[in-house]
Amino acid sequence: MNTLLIRHRRPGLALLLLWLVLLAGPAWAQQVVVRLDSAEQQALRRHPRLRQSAQEIEEQRALKRGSFSPTNPDFLFSAPTGERWAPGVVQTIDFPTVYRRQAQAAQAGITLAERGLDVNRATVRRDVRGAYLSLQFAEAQVRQLTYQDSLFRTLQQATERL
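181 is the number that this note's numbering gives the last residue of the sequence shown; the numbers go up by one with no jumps.
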């Protein structure tokens, strides 16, 4: 029965405590420890540069399928004797080495795109490591400065007592 009276007497206090807990909730939720390897893996999965490189590889593979592409045939009607029209088809086919060179160039494009993906992957790893180390340095610097501040504050209080 007392708890009912307390609840009815101080509803503002209960709301204030609830409000404080709800405000502190996101601060607790944001304190997630992320290690370097998990940060790298997450960046490798989500980085737009790597997605673009993967799409470029697919594009080069699609272009390779079109490396053997003879020109479209031409349909024509002619009257060689002047009396009757005769239908005809003209197909131009290049020398076979042309198609082989086109396939080699397309394969070189695929290889280049794959190497570009490797370079981009290494660049993303380097950037993530640099950012992670910068964050670690900043956190250590904050701890050091906080320690120095508390030390100086203690010294200031000690000198003010004298």
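If you are wondering where the hints come from, they were derived from the structure by calculation, not from laboratory data. Do not rely on the hints blindly, as some may be mistaken.
What the hints assert, rightly or not - Label pairs and their computed distance ranges (CB to CB):
| id | residue 1 | residue 2 | range |
| --- | --- | --- | --- |
| 1 | 149 | 110 | 56 to 64 Å |
| 2 | 58 | 130 | 28 to 36 Å |
| 3 | 124 | 149 | 34 to 42 Å |
| 4 | 63 | 95 | 55 to 63 Å |
Every value quoted in this text rests on a predicted model; they were computed, and no experiment measured them. We put the beta carbon where it would ideally sit given N, CA and C, even for glycine.
Each hint, compared with the structure:
The hinted range of 56 to 64 Å is satisfied by residue 149 and residue 110, whose Cβ atoms lie roughly 58 Å apart. At roughly 30 Å, the beta-carbon separation of residue 58 and residue 130 lies within the given 28 to 36 Å, and the hint holds. The hinted window of 34 to 42 Å between residue 124 and residue 149 holds, with their beta carbons roughly 37 Å apart. Checked against the hint of 55 to 63 Å, the pair residue 63 and residue 95 passes, with Cβ atoms roughly 56 Å apart.
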